[in-house]
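Asker: One letter stands for each residue in the lines below.
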Amino acid sequence: MNQDFWSFCLSRLEQELPQQQFNTWIKTLHASEGQCDDGPALTLTAPNRFVLQWVRERYLRRISELGEEFHAVPLQLDLQLPAPGAARTVKPATAAPMNGGGSNGIHAPAGTAAAGTEAPQRESRSAATGMPPPAAPAVVIRPSEPEPASAADLAYDKTRLNADFTFDTLVTGRANDLARAAAMQVAQNPGTSYNPLFVYGGVGLGKTHLIHAIGNAVYRQNPRAVIRYVHVEDYYADVVRAYQQKSFDAFKRYYRSLDLLLIDDIQFFNNKNRTQEEFFHAFNALTEARKQIVITCDTYPKDIQGLEDRLISRFDWGLTVQIEPPELEMRVAILKKKAEALRVEVDDDVAFLIAKNLRSNVRELEGALNKVVAYARFHGRGISLEVAKDALKDLLNAHNRQLSIEHIQKTVADYYKIKVADMHSKKRTRVIARPRQVAMWLAKELTPMSLPAIGEAFGGRDHTTVLHACRTITDLRLADHQLNHDVHVLTQVLRG
Amino acid sequence: MKPVMKQLVLDIHPDAPPTLDNFVAGNNTELIAALSLLAARDQALPARHLFLWGAPGSGRSHLLRATVALAEAAGRPAHCLAGATQGAQLPETPGALVAVDDVDRLSPDAQIGLFNAFNRSLANGQSLLLSGASAPLGLTLREDLRTRIGQSLIYEVQPLDDDSRSAILRTLAGRRGLPLADEVVDFLLRHGRRDLPSLLAVLDALDTASLERKRPVTVPLLREMMQQGLSI
Chain P
1 MNQDFWSFCL SRLEQELPQQ QFNTWIKTLH ASEGQCDDGP ALTLTAPNRF
51 VLQWVRERYL RRISELGEEF HAVPLQLDLQ LPAPGAARTV KPATAAPMNG
101 GGSNGIHAPA GTAAAGTEAP QRESRSAATG MPPPAAPAVV IRPSEPEPAS
151 AADLAYDKTR LNADFTFDTL VTGRANDLAR AAAMQVAQNP GTSYNPLFVY
201 GGVGLGKTHL IHAIGNAVYR QNPRAVIRYV HVEDYYADVV RAYQQKSFDA
251 FKRYYRSLDL LLIDDIQFFN NKNRTQEEFF HAFNALTEAR KQIVITCDTY
301 PKDIQGLEDR LISRFDWGLT VQIEPPELEM RVAILKKKAE ALRVEVDDDV
351 AFLIAKNLRS NVRELEGALN KVVAYARFHG RGISLEVAKD ALKDLLNAHN
401 RQLSIEHIQK TVADYYKIKV ADMHSKKRTR VIARPRQVAM WLAKELTPMS
451 LPAIGEAFGG RDHTTVLHAC RTITDLRLAD HQLNHDVHVL TQVLRG
Chain C
1 MKPVMKQLVL DIHPDAPPTL DNFVAGNNTE LIAALSLLAA RDQALPARHL
51 FLWGAPGSGR SHLLRATVAL AEAAGRPAHC LAGATQGAQL PETPGALVAV
101 DDVDRLSPDA QIGLFNAFNR SLANGQSLLL SGASAPLGLT LREDLRTRIG
151 QSLIYEVQPL DDDSRSAILR TLAGRRGLPL ADEVVDFLLR HGRRDLPSLL
201 AVLDALDTAS LERKRPVTVP LLREMMQQGL SI
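Line order of the protein sequences matches chains P and C.
So the first sequence is numbered by the UniProt record's numbering: it starts at 1 and just counts up by one.
So the second sequence is numbered by the UniProt record's numbering: it starts at 1 and just counts up by one.
For reference, chain P alone in the conformation it holds in the complex (with noise of 0.2 Å):
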């Protein structure tokens, strides 16, 4: 019986699911059948930690709904590693909406956030099965059982790498595709192509996903390899520990040890010297072992204030890649993939409210969207283009309001050192024409004006001021590096 249903979940999930999200997550699952006291049982097996917990957050819901539906009463799922001797329960995600409060004490309104979350939620879920909504919990809890986690299991954690940041999850656009398919290259042949990988951009781009994505590539084909996912400071206070506990062997011998070292914000080092050092004494032992290292800062080698030298000539010994802030196109489809993993449903045109209005960075978009999502479960209502203006309504008007083209003027002016009269005045020379020439590409990037209102704005200028500054500064931005830079790091500035 069990078995066939789960050909049927098989099938109905393959039919849900892009195909390569079933087949590497889902057709890699063991089943087997049983029955229990309670009714119908199921243990998948996952093929290791990686999988296991990627299908626990993701599916194991969808599955129990499945296997209610099919027997018509809540299944026994477990979910399980295949482990020499006593296999590990994981304890399953529970797919009743908690109680909201209920039993803490809170009255009035927190009762109120309980019906406003439950309601949705199994609205939606009855709108998947085309069943009416469960009355018992899909899944019954085993209490979990105190056993010792397996050895792949430890080892996974030991590499610090979060499992939700995978290729699969990275959503692809211009922005970010060279230093893609660089990861791709360095996740396949880790040590032998790119030594080191050094991936730079903004704050909030996915430079963290990017590097995660590569170790979990790695350990999916190489479970054995040694790898370790550190955050500058981090490492900064395992060198600190060291000195304290007069452990610099053992510290030297961990690092050195490694097959991958993923090393995350680099600038951090600044002036950390002690840190520096033995960092560099790391880099030297592994990549001389063909051992691949992996680095991430806000800016690209050459500026990194505060450190050393030969840190930063070897930063240039393998390849430099940029993550640039994503193109509408590219904020949509992160919005729909984030919208995925927090398993709401949002259609295109509230993912283009959003991105439309909040073009910075990654996190901002997030931010968004869980408020989005907050405000539809608490008023009970699904996601539609009305709720998210409603939610989204100061945050949209704190954005409006920034983006006045005094404060582009402003901005820029300060940055370049001149002053803001600078910005109308007749002047043509070549230190003052060039940042009026940024602001009014950023004027019009940034703001919904017309040119000629732009142009207005900066002096009286004829609108064929505005369309020859906006393509010159388009042209330089290819040549000229360090305009480039600037613009960078002007539009991250404004749009906050």
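Calculated directly from the structure, the hints in this document are not laboratory data.
These numbers were taken from a predicted model, which means no experiment stands behind them.
The beta-carbon is built from N, C-alpha and C at its ideal position, and this holds for glycine as well.
Heads up, a few of these hints could be off.
[As the list claims (entries may be wrong)] What follows is a list of derived Cβ distance ranges for each label pair:
id, chain 1, residue 1, chain 2, residue 2, range
1, P, Lys417, C, Asn124, 56 to 62 Å
2, C, Gly75, P, Asn222, 20 to 26 Å
3, P, Lys302, C, Asp162, 56 to 62 Å
4, C, Asn124, P, Ala285, 26 to 32 Å
5, C, Ala88, P, Glu14, 49 to 55 Å
6, C, Asp162, P, His468, 23 to 29 Å
7, P, Lys337, C, Gly138, 41 to 47 Å
For this one, chain P is given, so just place chain C on it according to the hints.
Answerer: Leaving out everything else, chain C in the frame of chain P:
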């Protein structure tokens, strides 16, 4: 004229500890609900961390302390930290709710501490509850921290309307055993500053005056105090 006898008053303020229940919600019901979900680590909340902002006196600190107390009551470790005095090291208690009030007042070192707390939260299961004086866009913090805050679930603590203000005044007065006539509340809301700290200061002054002079709180008493220099 015989001088008015004044009763000396013990300086005791019987205010109840902050809870989500005794926060007059006004237009903030969604926020209150979200906070109770945050304390309980409920997955209905779409984000792990929550940031709330609003004008001084809007009740940010009350909400932070109330949420921390709620989490503690449910057996979850929780910490409530003040941005202005917070050092570089934030508590690393696994699974804890860590509240930081006034993030805009964090020192540069403490900002890195909070940045690290964000990065480590996935591994140690912490959730952060932060407050600030302005929306993330207006916070003057390190950019990498500011955007992480912007990624949280964000709420503005909505200012109260007059009905809510009058409800708060009555509740707090009632808790002190101080009967507050309707016309006094109306008078205060019509003539005085209507932010909560100002109203509470007036309430304190009225309370003391009422006890000292053994007179009920009435508009004439209030006027008399204003003539003697009380600003409302």
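Asker: If a hint holds in the structure, say so; if it doesn't, say that too.
Answerer: Here's how the hints hold up against the structure:
1. P:Lys417 / C:Asn124: 56 to 62 Å: Distance hint for lysine 417 (chain P), asparagine 124 (chain C) is violated at roughly 43 Å.
2. C:Gly75 / P:Asn222: 20 to 26 Å: 41 Å, violated
3. P:Lys302 / C:Asp162: 56 to 62 Å: Holds: the Cβ-Cβ distance is about 59 Å, inside 56 to 62 Å.
4. C:Asn124 / P:Ala285: 26 to 32 Å: Taking Cβ atoms as reference, asparagine 124 (chain C) and alanine 285 (chain P) lie about 30 Å apart, which means the hint holds.
5. C:Ala88 / P:Glu14: 49 to 55 Å: 51 Å, holds
6. C:Asp162 / P:His468: 23 to 29 Å: For histidine 468 (chain P) against aspartate 162 (chain C), whose Cβ atoms are near 56 Å apart, the range 23 to 29 Å is violated.
7. P:Lys337 / C:Gly138: 41 to 47 Å: 28 Å, violated
In summary, the numbered hints that this structure violates are 1, 2, 6, 7.
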